[in-house]
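A.B. asks: Here is how the chains run, residue by residue.
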Amino acid sequence: MTDDSGVPSPRKRVGRRPAAENPSNVGERTSDMAVTEQHASSAEEEKFAELQVAALFGAGIVMLIFFTVCYFTISIRHNIGQYSNYALGGSLALALFSIGGGFIVWAKKLLPKEKTVQDRHDFNSPEADEIEAENTFLQGVDDMGLGRHKLLRRTLLGALGLFPLPLVIMLRDLGPLPHNSLLVTGWKKGTRLVDADTKLPIKLGSIEIGGIQTVVPEGVEDINDYALAPTMLIRFGPNQILSKKERDWGYQDHVAYSKICTHAGCPISLYEQQTHHLLCPCHQSTFDMSRDAKVIFGPAARPLPQLRIGVNAAGEFIALGNYSQAVGPSFWERRA
Amino acid sequence: MNTPEEGAEPVQPAKLGRSRKRKVASLGVLVAALGTMGTLYAGFAPAASSASNNDPAIARGRELFSHGCASCHGLNAEGGVRAPSLVGVGAAAVDFQMGTGRMPLQQHGPEAPRKRPDPQFNEQDIQDIATYVASLGAGPAIPEGIDYQSADIAYGGALFRTNCAQCHNFAGSGGALTYGKYAPTLHDATPRQIYEAMITGPENMPVFGDSEINPAQKLAIIKYIEDIKKQPDPGGAGLGRVGPVTETAVAWLVGIGGLVIITMWIGSKA
Chain A
1 MTDDSGVPSP RKRVGRRPAA ENPSNVGERT SDMAVTEQHA SSAEEEKFAE LQVAALFGAG
61 IVMLIFFTVC YFTISIRHNI GQYSNYALGG SLALALFSIG GGFIVWAKKL LPKEKTVQDR
121 HDFNSPEADE IEAENTFLQG VDDMGLGRHK LLRRTLLGAL GLFPLPLVIM LRDLGPLPHN
181 SLLVTGWKKG TRLVDADTKL PIKLGSIEIG GIQTVVPEGV EDINDYALAP TMLIRFGPNQ
241 ILSKKERDWG YQDHVAYSKI CTHAGCPISL YEQQTHHLLC PCHQSTFDMS RDAKVIFGPA
301 ARPLPQLRIG VNAAGEFIAL GNYSQAVGPS FWERRA
Chain B
1001 MNTPEEGAEP VQPAKLGRSR KRKVASLGVL VAALGTMGTL YAGFAPAASS ASNNDPAIAR
1061 GRELFSHGCA SCHGLNAEGG VRAPSLVGVG AAAVDFQMGT GRMPLQQHGP EAPRKRPDPQ
1121 FNEQDIQDIA TYVASLGAGP AIPEGIDYQS ADIAYGGALF RTNCAQCHNF AGSGGALTYG
1181 KYAPTLHDAT PRQIYEAMIT GPENMPVFGD SEINPAQKLA IIKYIEDIKK QPDPGGAGLG
1241 RVGPVTETAV AWLVGIGGLV IITMWIGSKA
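First to last, the protein sequences are chains A and B.
No gaps in the numbering here: position 64 of the first sequence is 64 in our numbering, and each next residue is one more.
No gaps in the numbering here: position 230 of the second sequence is 1230 in our numbering, and each next residue is one more.
Using 25 Å as the maximum straight-line C-alpha spacing, the simulated DMTMM-like pairs for lysine to aspartate or glutamate come out as follows:
1. 294/A with 1111/B
2. 1181/B with 208/A
3. 1115/B with 1063/B
4. 199/A with 1210/B
5. 245/A with 316/A
6. 1229/B with 1111/B
7. 294/A with 1203/B
8. 1229/B with 197/A
9. 199/A with 1152/B
10. 1181/B with 292/A
What the hints contain is simulated information worked out from the structure, not anything from laboratory work.
The following block holds chain A by itself, in its conformation from the complex (with noise of 0.2 Å):
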């Protein structure tokens, strides 16, 4: 099958290589290497198989004619397509699964069953062809005359010494610093609480107990102040307040706590208005807004910051002030 000399072609190389040195072990099948049941089945049982394969070939033949059949006569225009996509996908699915299936029996079934063992390959070439790879190499080499074209040499050196420079001049865009972003908001005080769909300012009372309005502050363009700004104002009963605290800085039974939860910062306002529990829907964290936001459950490590408001003379809800806290998840250079 194959030769020993130095150069052999590369179709021959593939694997085959070992033949002339173990020819005991080649893929060729030996009666000694081979367990062999060949044709053990009865005829009987070869005709039923062939009707096996036939029959699922035949399916695959039946799917394919149903498959263009629907792709003309069933309107896409329909439902968005649904009935067309079911029946084309469906039967194309079932027409490769049948012919697939087919060839799986034909191939259990029919063909010889034998076993054969077949040693890998060395992994290391012919000498005689690493010694040619090697002075190829050497020849190239040579052949460039690096040492005799000093400028070629030195521009590219120069040329190579330089390509890291682009992919190191990228890293600044890893920043610049976020400074004090992350710890301020879009709230002042005297900014007057709008709705976060409709911009409008929330007058006390528009809220009935047991509301809940998610607001941002008004006028803010900056998208970076506009992120951390969403902040939920809830309205509570008479006397459902726990915290004296969470009074102090609410208004008449209205509450303004930070929407971006402190765990991970997803927007959080699952709120249950009999238990005052919140829940964030990422990591189910649960806060009792009834007691200063405490967290009763969930991976969140600190309560919500809660923003003080009060009311202006015309009856609208006001900021007194910033978050006295960054709000949202934990990063390095957050104080508390």
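Guided by the hints, dock chain B onto chain A, whose structure is given.
C.D. replies: Chain B only, in chain A's frame:
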């Protein structure tokens, strides 16, 4: 016993007389005030109560209430250990709770599930009980004429995502809350029930009053919900429309699990 009084009388006769006169005067004022109050009360209160007593719907509602609701909510809907007071909840709350089958409550638990309305109360019975409960104290009335067809569906979608989607899911499929409670799917709710839920805040749902989300905005939200209810599932099964959780579970368990089983079958000896 008599001696101190008799001895005292001559000493301060004038003073005692004044005191008696004062007592008589204050008694007179009290009687007059009570009389006035009674007259005033008779002038206002009976007018209302006689009207409500004359309303057959309220009388019928009270009767039905005493059979079906009073065991938990109290004979006068004043509430009890097992159930809240219904004074001031309004007709909309009654219509929602009974119309969705949540009340009468089947059993106590974290959440009252939606079920087929109790067959012992028909639509008219529910209306009468609602009228009776509404007569106990002012509350949201049953919304009439909910015409959402001309509402702005895109605006409704934006409002839904801000105010509703966090609990009820982006496709209205509902979702879990804390300690066994859950926000129900909206796919079975009628437009009227959705409207009533917003204005009454049933169970743990926050109240969204008309000054927070105005009626036009409510209709826009309803239009959006009615539209997502009708949306088909073009990719096949919706898998509850709860997003990547069920989709990944099916892909891993059914898809990859099935492939592993088929691979094992192919590899096995015939």
